[in-house]
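With the hints as constraints, model all of the structure from the sequences given.
There are 2 protein chains.
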Amino acid sequence: MSEPLELLENYRAFEGWQKRYRHPSQTLHCPMTYSIYLPPQTNTAKKAPVVYWLSGLTCSDENFSTKAGAQRIAAELGLALVMPDTSPRGDRVPDAEDQAYDLGLGAGFYINATQAPWNHHYQMYDYITKELPTLIEQTFPVTNQRAISGHSMGGHGALMVALKNPGRYLSATAFSPIVNPTQCPWGKKAFSHYLGDDKESWKAWDTTELILSSADADNVPILIDQGTEDSFLKKQLLTENLISASKIKHYPAKIRYQQGYDHSYYFIASFIEEHLRFHAQQFDA
Amino acid sequence: MSEPLELLENYRAFEGWQKRYRHPSQTLHCPMTYSIYLPPQTNTAKKAPVVYWLSGLTCSDENFSTKAGAQRIAAELGLALVMPDTSPRGDRVPDAEDQAYDLGLGAGFYINATQAPWNHHYQMYDYITKELPTLIEQTFPVTNQRAISGHSMGGHGALMVALKNPGRYLSATAFSPIVNPTQCPWGKKAFSHYLGDDKESWKAWDTTELILSSADADNVPILIDQGTEDSFLKKQLLTENLISASKIKHYPAKIRYQQGYDHSYYFIASFIEEHLRFHAQQFDA
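Line by line, the protein sequences are chains A and B.
Mapping of the first sequence onto numbering that gives the first Met the number 0: position 185 corresponds to residue 184, and the numbering continues sequentially without gaps.
Mapping of the second sequence onto numbering that gives the first Met the number 0: position 8 corresponds to residue 7, and the numbering continues sequentially without gaps.
Calculated directly from the structure, the hints in this document are not laboratory data.
Please note that the accuracy of each hint is not assured.
Distance condition first, Cα-Cα at most 30 angstroms in a straight line; then the derived DSS-like pairs of lysine-lysine [stated by the list, open to error]: (1) A/18 <-> B/129; (2) A/163 <-> A/129; (3) B/66 <-> A/46; (4) B/66 <-> A/253; (5) A/233 <-> B/18; (6) B/187 <-> B/129; (7) A/234 <-> B/18; (8) B/234 <-> B/163; (9) B/66 <-> B/233; (10) B/45 <-> A/66; (11) B/66 <-> A/66; (12) A/66 <-> B/18; (13) A/188 <-> A/246; (14) A/18 <-> B/66.
Each pair of labels, with its calculated beta carbon distance range [stated by the list, open to error]: (15) A/61 <-> B/276: 27 to 33 angstroms; (16) A/255 <-> B/4: 44 to 50 angstroms; (17) A/100 <-> B/143: 43 to 49 angstroms; (18) A/75 <-> B/227: 22 to 28 angstroms; (19) A/4 <-> B/255: 32 to 38 angstroms; (20) A/57 <-> B/281: 40 to 46 angstroms; (21) A/166 <-> B/227: 51 to 57 angstroms; (22) A/143 <-> B/5: 49 to 55 angstroms; (23) B/276 <-> A/5: 36 to 42 angstroms; (24) B/217 <-> A/234: 30 to 36 angstroms; (25) B/197 <-> A/91: 57 to 63 angstroms; (26) A/255 <-> B/129: 43 to 49 angstroms; (27) B/99 <-> A/234: 41 to 47 angstroms.
These numbers come from a predicted model, not from an experiment.
Where is the CB? At the ideal position from N, CA and C, for every residue including glycine.
Printed below as a string of structure tokens:
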């Protein structure tokens, strides 16, 4: 158990509540902050299914909360939204020596590090898939129906988490995800530090590799939106690699290029309604 | 004329465009930054009416652009949104001696200062009502139909600007506005610095006073939302003073208290759709 919870912020929003909490994480060995949106249906006795949102490099729990405009549609659909932070935090948590934005603080990549000095704190996969859902489901009026979404590094996280946990997450969607981290500079840098030199061990955290090794029975419904004017598309995100892997495995992922959109939260805001409706369809199925 | 315009940012959003520009302001004697949302209807030859948004203390053109979720409904309704900054800017622009948040930079109050050292740069009323609309209407595919909204100090600005310019603005709405600045600490501080000690001269910039001196023919449609849990309500915003004045003058302002909401952008996001639909009704009338 991760008590006590400390309520940091509390806002009425779309007749529900936008809240921000701090709690001591036993998995990450540090205090962690997360945001949660509880839809108006939970004001009475009703419980809501939960969509987890994983943010990208440099982000915290607040980017999606303040910029995506997701609460409106979550209120309409009766979905809770949970927004965790992107890495362990605090003075005792190791960071990149040069404080680079793509390693260490703000760049946990949602994996379990095996290498020192990272492995004591950087266990984001266990935090996201175990400690946090347990805390959320014990604390708030929510069901154990879960879906997961994310952006960029968080899009990698959402797809990877869902593919590794068929059944625990009913669906996954992503904006501008890093789909093949073992093959792009961001992923290679992070994985080499967190996981070491054995590149075979990297594959367990790579969406494209997980699709290639998936069995038909494991299919998780997936929706991905990728902007054509995203400056990271060709070098870091490698969307075409996932499209190829999905074709090889006949994996029914919906992967859409959106003309003229970039890597920003204006892109996310433009299509978040469709992603939440996609999740709601799975919850209702 | 205020050429040249410098395009600082450009994002696809809801099939329209969210842009940010810098231009040299002849009224304020400094470079000014503003944001504009052009709805998808303007991608073809169609022109859009414009809703101006005036932000509150400490804000810039970016708060509303990134946090309000207004572009979605502006896209649906075919409205352009223009978000100016809240004061003149730059090293040569005077600020409060103690850099207080409620005077000087970020706190222009949308009035024309008459007192030194403020009067050279702090001519926000002329900028908002003359220079900026002229620039917008000469530069972008928009009509000369205008409406105006704002939050807190910007709610004061929106109401005051519309009441002083019947016919130039078809409607005005406000979130958590300072409705009687001549009677609250924020307003008294700003007006005494910008306008001097003659309190009679303050009344020309005060919404409640403008309502009390209005003629029936001048009625501008007004919608105001005010959260009941707004920590500034009793001391700074003084909503009841405007309700009383509207009753005395039989002014048909719609003033709504929203239960449980505070002064934040989550409040604005929750009701911005109703405000934009209110403006669209006037444009269509």
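Evaluated hints:
Taking the CA atoms of residue 18 of chain A and residue 129 of chain B, the gap is about 41 angstroms. The hint is violated against a cut of 30 angstroms. A C-alpha spacing of about 13 angstroms is found between residue 163 of chain A and residue 129 of chain A, which places the hinted pair at or below 30 angstroms, so the restraint holds. For a cut-off of 30 angstroms, the pair hint linking residue 66 of chain B to residue 46 of chain A stands: about 28 angstroms separates their Cα positions. A C-alpha spacing of about 29 angstroms is found between residue 66 of chain B and residue 253 of chain A, which places the hinted pair at or below 30 angstroms, so the restraint holds.
Among the hinted pairs, residue 233 of chain A with residue 18 of chain B is consistent with the structure: their alpha-carbon atoms are about 25 angstroms apart, no more than 30 angstroms. A threshold of 30 angstroms between alpha carbons decides the hint, and for residue 187 of chain B with residue 129 of chain B the separation of about 26 angstroms falls inside it, so the pair holds. As the CA atoms of residue 234 of chain A and residue 18 of chain B are separated by approximately 26 angstroms, the hinted pair is consistent with the 30 angstroms bound. A distance of roughly 25 angstroms separates the Cα atoms of residue 234 of chain B and residue 163 of chain B; the hinted pair therefore holds under the 30 angstroms criterion.
Taking the CA atoms of residue 66 of chain B and residue 233 of chain B, the gap is about 26 angstroms. The hint holds against a cut of 30 angstroms. In summary, the hint linking residue 45 of chain B to residue 66 of chain A is supported, as the alpha carbons are separated by about 29 angstroms, within the 30 angstroms threshold. Distance hint between residue 66 of chain B and residue 66 of chain A is fulfilled; the C-alpha atoms sit about 5 angstroms from each other, no more than 30 angstroms. Restraint check for residue 66 of chain A and residue 18 of chain B: the C-alpha separation of about 16 angstroms stays at or below 30 angstroms, so the hint holds.
With a CA separation close to 28 angstroms, the supplied pair residue 188 of chain A and residue 246 of chain A stays within the 30 angstroms bound. Between the alpha carbons of residue 18 of chain A and residue 66 of chain B the distance comes to roughly 16 angstroms, so the proposed pair stays at or under 30 angstroms and holds. Range check, residue 61 of chain A to residue 276 of chain B: about 29 angstroms between beta-carbon atoms, so the 27 to 33 angstroms window is met. A hinted range of 44 to 50 angstroms is violated for the C-beta pair residue 255 of chain A and residue 4 of chain B, which are about 34 angstroms apart.
The given range of 43 to 49 angstroms is respected by residue 100 of chain A and residue 143 of chain B, whose C-beta atoms sit roughly 45 angstroms from each other. Our hint of 22 to 28 angstroms for residue 75 of chain A and residue 227 of chain B holds, since their Cβ atoms are close to 23 angstroms apart. Between residue 4 of chain A and residue 255 of chain B the beta carbons are some 34 angstroms apart, a value that agrees with the proposed interval 32 to 38 angstroms. At roughly 42 angstroms, the beta-carbon separation of residue 57 of chain A and residue 281 of chain B lies within the given 40 to 46 angstroms, and the hint holds.
A hinted range of 51 to 57 angstroms is violated for the C-beta pair residue 166 of chain A and residue 227 of chain B, which are about 44 angstroms apart. Taken as a hint, the range 49 to 55 angstroms holds for the pair residue 143 of chain A and residue 5 of chain B, whose Cβ atoms sit roughly 52 angstroms apart. Distance hint check for residue 276 of chain B and residue 5 of chain A: the Cβ-Cβ separation is about 39 angstroms, which falls inside the suggested range of 36 to 42 angstroms. At about 59 angstroms, the beta-carbon gap between residue 217 of chain B and residue 234 of chain A misses the expected band of 30 to 36 angstroms.
Taken as a hint, the range 57 to 63 angstroms holds for the pair residue 197 of chain B and residue 91 of chain A, whose Cβ atoms sit roughly 59 angstroms apart. Hint check: residue 255 of chain A to residue 129 of chain B, Cβ distance near 45 angstroms, so the stated range 43 to 49 angstroms holds. Separated by about 46 angstroms at the C-beta atoms, residue 99 of chain B and residue 234 of chain A satisfy the suggested range of 41 to 47 angstroms.
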